[in-house]
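S.K.: Residues in the sequence shown are numbered from 1 upward in steps of one, following the working numbering.
Derived from the structure by calculation, the hints contain no laboratory data. Treat the hints with care, as some may be off.
[Stated by the list, open to error] Cβ pair distances, simulated, as ranges:
1) 247 - 318: 16 to 24 Å
2) 35 - 476: 26 to 34 Å
3) 35 - 247: 19 to 27 Å
4) 243 - 186: 29 to 37 Å
Built from N, CA and C at the ideal position, the CB exists for glycine as well.
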Amino acid sequence: MGAEWGGLAVLRVVCGLLAIAFSFPAAYLVWRNFTSDADPLGLLFDERTLAPLWRTLRLAVAVSVSAAVLGTAVAWLTTRTDLAGRSIYRVLMPIPLVFPTFIGAAAFIRTMNPGGLVFRLFESVGIELGIELRGFFGSWLVLTLFTYPYVYLPVAARLRRLPSALEESARVLGDTMSQAFRRVVLPQIATSIAAGTLLVFLYTISDFGAVQLMRYDTLTRAIETNYLARPPVAFALSLMLLVLAAVVVIGENAMTRRLPADAGGRSSRTTEHGLGRFAIVGHLIVGITVVLGVIAPVAALIDWASGSGRPLTVDNATIVEASLNTLSVSVATAIVAVLAVAPIAFLVARRNDRFGRYAHAAVIATFALPGILIALALRFWTLRAGAIGNAFADTHAVLIFAYVVRFASLAMGVTLVAVRSVPDRLHDAASMLGADRMRRLRTVDLPLMGPGLLAAAGLVLLSTMKELPISLLIAPLGFQTLTTRIFGSFQEAFVAEAGIMALVLVAMSSVLTWFLVLRRADHL
1 MGAEWGGLAV LRVVCGLLAI AFSFPAAYLV WRNFTSDADP LGLLFDERTL APLWRTLRLA
61 VAVSVSAAVL GTAVAWLTTR TDLAGRSIYR VLMPIPLVFP TFIGAAAFIR TMNPGGLVFR
121 LFESVGIELG IELRGFFGSW LVLTLFTYPY VYLPVAARLR RLPSALEESA RVLGDTMSQA
181 FRRVVLPQIA TSIAAGTLLV FLYTISDFGA VQLMRYDTLT RAIETNYLAR PPVAFALSLM
241 LLVLAAVVVI GENAMTRRLP ADAGGRSSRT TEHGLGRFAI VGHLIVGITV VLGVIAPVAA
301 LIDWASGSGR PLTVDNATIV EASLNTLSVS VATAIVAVLA VAPIAFLVAR RNDRFGRYAH
361 AAVIATFALP GILIALALRF WTLRAGAIGN AFADTHAVLI FAYVVRFASL AMGVTLVAVR
421 SVPDRLHDAA SMLGADRMRR LRTVDLPLMG PGLLAAAGLV LLSTMKELPI SLLIAPLGFQ
481 TLTTRIFGSF QEAFVAEAGI MALVLVAMSS VLTWFLVLRR ADHL
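Taking the hints into account, I'd like the entire structure generated from these sequences.
M.R.: Spelled out as structure tokens, the structure:
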């Protein structure tokens, strides 16, 4: 018993240190609000603050609801129905996750706005479209299409593991397909929907690329606009964004505790509903999602890369170097992120410990902070740390730490699922056979948790590959990633070069999505 409590105390200390590390950006914002004459309470009642705040909330709620509905719908259609081609759709559905939002938004503008690829195709047959993607609608559409996989992946995984006995019993007792889904299936997948929707909400309030290109003024645009001209205003707005994230995380945790627990076990076969006359509706929902979320942005990138028929001069060595840099730093970030969240997941899943819950909230809330604020916070602390800070400044270690702070929240939910997947009876049996804690971890936990941990690492890796602000501000001098090269090419009007490198990024990310996420989707 003493050894058990000693291990728990060590785990609490580790989680406390991790929570402090993840709180660096928040500490930076609080510090700057106190030292830069910022007035967050005064700005809370200022129209210049209220307007972007309400626009941010409006967009985040709209995107969260639509992503939750779309992600759940396509997950159910591709896992629990007889929809033709569902095995192909299951591969295509997560692909929007690999697009950086600034590339996705630019692709939509290039494809669907006047002068774009779609407009040219319709004009060639004498049809003139009267739409233009801007403002709220454009931001909502782009963010929904590129964030719904956060809901789709865990919900599809849960549906594949969901025991079919209760659902079949409901059908035998006379429930229709929709009634069985609402009464039996929905309560069982509610926690997966809530977890995915939380990530969508936090991603939306932190996004800058899509809203910037769509010219929709949210808090992130206001922060960017004011950072150089009026730093105190930017710091106050950033603190509001962090408080908003904390409120949402606390609310989600409270709501999740009231939801029914997932039923254990796994059915030997999956219930498959016949769509009948509604098959055309299912094909329309899934087909339109694939066209808008995959085919349209890829077509735009190919159009850019073609150079409109002009000869291209692309430095292959530069592309290879940027690709290797992107891959190496992303793999390192994924490994460190999983190692960082694993102790917290153990404390939350195995002990339901208060220290673990606090650390969990600290990790999740950082996902709402824009990358630029995390980068600036680390710049600030390295400058304040004297000789130690100078030793780490402009190093890969600081870059990886910034990525981990930004994206470890993506690994948290999957790691919790992985930890909970190990039955307590196996631990009890191993203990009775004389296995100590480390041996149980090596022989029981890791083999069962391994696929889930790889899926968690895959989500972090994919998000790191497409991060831009942190890469621009924290990367060591001369260290170019694909996103920084793409951004630089856009800035210098080298659109064809940007298109080629964006295609390379999407291709690499798609392959990694298959090997690290889709093949282990049941562990999400």
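S.K.: Please go over all the hints and tell whether each is borne out by the structure.
M.R.: Okay, the hints, checked on the actual structure:
no.: 1; hint: 247 - 318: 16 to 24 Å; in the structure: violated (44 Å)
no.: 2; hint: 35 - 476: 26 to 34 Å; in the structure: holds (28 Å)
no.: 3; hint: 35 - 247: 19 to 27 Å; in the structure: holds (25 Å)
no.: 4; hint: 243 - 186: 29 to 37 Å; in the structure: holds (31 Å)
Hint 1 from the list above is the single one not met by this structure.
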